[in-house]
Amino acid sequence: QVQLVESGGGLVQPGGSLRLSCAASGSIDTFTAMGWYRQRPGKQREFVALITSGERTNYAGSLKGRLTISRDNAKNTVYLQMNNLQPEDTAVYYCYANLLSRPYWGQGTQVTVSS
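First residue of the sequence shown? That's 1 in this note's numbering, and the numbers climb one at a time after it.
The set of hints was computed from the structure by calculation and includes no laboratory data.
There could be a bad hint or two in this list.
[Said to hold, decoys possible] Just the calculated beta-carbon pair ranges, DEER-fashion: (1) S53 <-> S115: 36 to 44 Å; (2) R45 <-> T68: 31 to 39 Å; (3) Q39 <-> S17: 14 to 22 Å.
Beta carbons: idealized from backbone N, C-alpha and C, even for Gly.
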């Protein structure tokens, strides 16, 4: 059973930065891909960023340039660095992993951008 635990969310002012972490219970180098989704208030969950086992990255077009996804296989952890955060980035951010074509989700971490 894969377990994903997010951390790093919180309250940040507009223009600020946060780094989210997702710690996995297993060896992430066996995962096909890991990434992040978010669910903004009143909206459906949406794709944010992805990194494959081969270190390829993909970002949502509207967020590209403000995000960096990375992975540390030794720590079984994936990170999402978010810069220049805006109030519309307020959401619950969920970690995602794909193992043998099966998706796994974390519980989510709240990010609130407000002055």
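Tested hints:
1. Checked against the given bound of 36 to 44 Å, the beta carbons of S53 and S115, roughly 40 Å apart, stay inside it.
2. Range check, R45 to T68: Cβ separation about 21 Å, and the 31 to 39 Å hint is violated.
3. Look at Q39 against S17: about 21 Å separates their beta carbons, and that is inside 14 to 22 Å.
Comparing the model with each numbered hint stated earlier shows that hint 2 is the single one that does not hold.
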